[in-house]
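Peer 1: Sequences listed follow chains A and B, in order. Using my numbering, read the first sequence as starting at 63 and increasing by one per residue. Using my numbering, read the second sequence as starting at 63 and increasing by one per residue.
Among the hints, erroneous ones may be present.
Listed next, the stretches of chain A that the computed footprint assigns to chain B, with coverage defined by at least 3 CB atoms under 8 Å from CB atoms of chain B [unchecked claim]:
no.: 1; segment: 159 to 173
no.: 2; segment: 313 to 325
Simulated restraints, written as ranges between beta carbons of each label pair [as the list claims (entries may be wrong)]:
no.: 3; chain 1: A; residue 1: R399; chain 2: B; residue 2: T335; range: 33 to 43 Å
no.: 4; chain 1: B; residue 1: V126; chain 2: A; residue 2: A290; range: 36 to 46 Å
no.: 5; chain 1: A; residue 1: A290; chain 2: B; residue 2: R223; range: 27 to 37 Å
no.: 6; chain 1: B; residue 1: G278; chain 2: A; residue 2: L85; range: 31 to 41 Å
In short, the hints are calculated from the structure, not lab data. These figures come from a predicted structure and were not determined experimentally. Backbone N, C-alpha and C fix where the C-beta goes; we use that ideal spot for every residue, glycine too.
Number of protein chains: 2
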Amino acid sequence: MLATVLHGPGDVRYEPVEDPQILKPTDAIIRLAATCVCGSDLWPYRGLQPTSAPTAMGHEYCGVVVEVGGAVKTVRPGQFVVGSFCLSDNSCPHCRFGFPSSCEQREFMSGAQAPYARIPLADGTLVATPELPPDDLIPSLLATSDVLGTGWYAADAANVRPGATVAVVGDGAVGLMGVLAAHRMGADRIIIMSRHKTRQDLALEFGATDIVPERGADGVARVRELTAGVGADAVLECVGTQDSMEQAIRCARPGAMVGYVGVPHGVRLDGQTLFFSQTGLMGGPAPVRRFLPHLIDLVLSRKINPGKVFDLELPIADVAEGYRAMDERRAIKTLLRV
Amino acid sequence: MLATVLHGPGDVRYEPVEDPQILKPTDAIIRLAATCVCGSDLWPYRGLQPTSAPTAMGHEYCGVVVEVGGAVKTVRPGQFVVGSFCLSDNSCPHCRFGFPSSCEQREFMSGAQAPYARIPLADGTLVATPELPPDDLIPSLLATSDVLGTGWYAADAANVRPGATVAVVGDGAVGLMGVLAAHRMGADRIIIMSRHKTRQDLALEFGATDIVPERGADGVARVRELTAGVGADAVLECVGTQDSMEQAIRCARPGAMVGYVGVPHGVRLDGQTLFFSQTGLMGGPAPVRRFLPHLIDLVLSRKINPGKVFDLELPIADVAEGYRAMDERRAIKTLLRV
Numbered sequence: 063m064l065a066t067v068l069h070g071p072g073d074v075r076y077e078p079v080e081d082p083q084i085l086k087p088t089d090a091i092i093r094l095a096a097t098c099v100c101g102s103d104l105w106p107y108r109g110l111q112p113t114s115a116p117t118a119m120g121h122e123y124c125g126v127v128v129e130v131g132g133a134v135k136t137v138r139p140g141q142f143v144v145g146s147f148c149l150s151d152n153s154c155p156h157c158r159f160g161f162p163s164s165c166e167q168r169e170f171m172s173g174a175q176a177p178y179a180r181i182p183l184a185d186g187t188l189v190a191t192p193e194l195p196p197d198d199l200i201p202s203l204l205a206t207s208d209v210l211g212t213g214w215y216a217a218d219a220a221n222v223r224p225g226a227t228v229a230v231v232g233d234g235a236v237g238l239m240g241v242l243a244a245h246r247m248g249a250d251r252i253i254i255m256s257r258h259k260t261r262q263d264l265a266l267e268f269g270a271t272d273i274v275p276e277r278g279a280d281g282v283a284r285v286r287e288l289t290a291g292v293g294a295d296a297v298l299e300c301v302g303t304q305d306s307m308e309q310a311i312r313c314a315r316p317g318a319m320v321g322y323v324g325v326p327h328g329v330r331l332d333g334q335t336l337f338f339s340q341t342g343l344m345g346g347p348a349p350v351r352r353f354l355p356h357l358i359d360l361v362l363s364r365k366i367n368p369g370k371v372f373d374l375e376l377p378i379a380d381v382a383e384g385y386r387a388m389d390e391r392r393a394i395k396t397l398l399r400v
Numbered sequence: 063m064l065a066t067v068l069h070g071p072g073d074v075r076y077e078p079v080e081d082p083q084i085l086k087p088t089d090a091i092i093r094l095a096a097t098c099v100c101g102s103d104l105w106p107y108r109g110l111q112p113t114s115a116p117t118a119m120g121h122e123y124c125g126v127v128v129e130v131g132g133a134v135k136t137v138r139p140g141q142f143v144v145g146s147f148c149l150s151d152n153s154c155p156h157c158r159f160g161f162p163s164s165c166e167q168r169e170f171m172s173g174a175q176a177p178y179a180r181i182p183l184a185d186g187t188l189v190a191t192p193e194l195p196p197d198d199l200i201p202s203l204l205a206t207s208d209v210l211g212t213g214w215y216a217a218d219a220a221n222v223r224p225g226a227t228v229a230v231v232g233d234g235a236v237g238l239m240g241v242l243a244a245h246r247m248g249a250d251r252i253i254i255m256s257r258h259k260t261r262q263d264l265a266l267e268f269g270a271t272d273i274v275p276e277r278g279a280d281g282v283a284r285v286r287e288l289t290a291g292v293g294a295d296a297v298l299e300c301v302g303t304q305d306s307m308e309q310a311i312r313c314a315r316p317g318a319m320v321g322y323v324g325v326p327h328g329v330r331l332d333g334q335t336l337f338f339s340q341t342g343l344m345g346g347p348a349p350v351r352r353f354l355p356h357l358i359d360l361v362l363s364r365k366i367n368p369g370k371v372f373d374l375e376l377p378i379a380d381v382a383e384g385y386r387a388m389d390e391r392r393a394i395k396t397l398l399r400v
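The shape of chain A in the complex, shown without the other chains (with noise of 0.2 Å):
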């Protein structure tokens, strides 16, 4: 088949590979019925993060199960399947405290930016709908394997509570979600920080209140002034730099959790400030397997639209355009129709 490999950065290409195969009784093979770029598929791309080319990309999917291993149990060949980026057994201590994205035999997927994908660890990682889904809510399906589940986890470490006042730091497309998914939780209040007018005006529709264009002190003291002084009560920091993560704790409230899922580059906090300022932290991979199946039901409810984030949609075989719009920030996410 044809699939997506980086050679090296800015050096992507669809060209033949070997088809999947069943390596492991437990692995399923999928049939994928869209694909789309992460935010993370930029480090490598941009060459921020060292690969050793050529790597098979691609880590959101969801689709058609044709063929599993004998070991697997909770999936069958004709089910429309979604599952996290994150492989996960779902019955290690780690998976059944919450935490798959720390399963002790995870792995990280990769290789769905392609017709065909094998799936490791299928019963734990797989979730099927109970049918095949209607096609107008294929994007929001395959949002909810990353990106979606990744803003959801942002709200739910920064402990998101009904009516409360919440912060989000970064628009991109995890930001984007991390207000949906407040918004979904019962927040009154979502204050964005963003200056892109298209992703303002996303946000604006995904549930937020507020937007913040300033950053930095100015942004902080905006946040404050919205707040009557107090800070938020639970801060969504989905960007990972040492800007990023100051801003997002200076605007908490003190007893306020920052939910941070941006990959943090180079940053470093001061135990004696985290003290002072009271702001609790909690990170991480998300467990999107935590989340799947209520993140499911809501899409097949038609109770949110992921998919919107989708600005970009083209044909797999133009996934070279794709990473370049993203990076260029023409695109906030592209998604990739097989």
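Start from chain A and add chain B according to the hints.
Peer 2: For chain B alone, kept in the frame of chain A given last:
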């Protein structure tokens, strides 16, 4: 009156000072039933924290109100009261959010190692008992003011739940109170890291189930061994050094919270390590006022006996010996009779 004054490293004196007076209409003056020396008093005593000597020492207190300012409404002369080391108005947004230790009007108590003390923000800070308590409960009531309240907060911030496996880093008075708190909150298993026989014995009495004398990597390995490789569900960090914080984080299972109450001295945290270990953090000055009514009830109904943490009792005139004994680790915590 005579009171405790620190003149410089190692130089603490019981000497004549001005009698405390009502300075603001929100003040109260109390006659102390007892007071004590805090582990945090040792930082300036050891010269590890700069102070502008002479400094009035002491921030843990309970006793009888002798005078109140014109605006004080909730306590009156003759009542027995306990207050937190953090003075707070108990009405600002931070107090209402459960974090009186970050009160908009917060002050830190001082001058309580004395027969009389001025308590600012008396209405917000002081909790009166229904009647004068029996003498034998004075040490336990005094403990609620800081050392128990702080250990309790460590367990609360670490999200200790019934049935949990808890690790406690630090066998000082606060760590021991953390054991008591975790036990009271229903933890099944409480592992304390301690190398000192008297502290180990007291920990067992307060509810510890396992003692880990090893430190560093060996200590972490032992905790992992005791938890079948999983790590603790909740970790209490009660020291405040880089080593103790790292120990705490490495003992935590993915998704666990570390409640940290040791004031961090030179602690730096790496964002990516915290991210991938998926460890949550919540700490800061303990919001003792939030817990005081409950803790006082537990003491008055003799359900807990935190006063056992005082293993040295001296007349306040011998306060210098009280500091020395703690500095030399001959005593866990010194109670001063006034």
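Peer 1: Broken hints, numbered, in rising order?
Peer 2: Violated: none.
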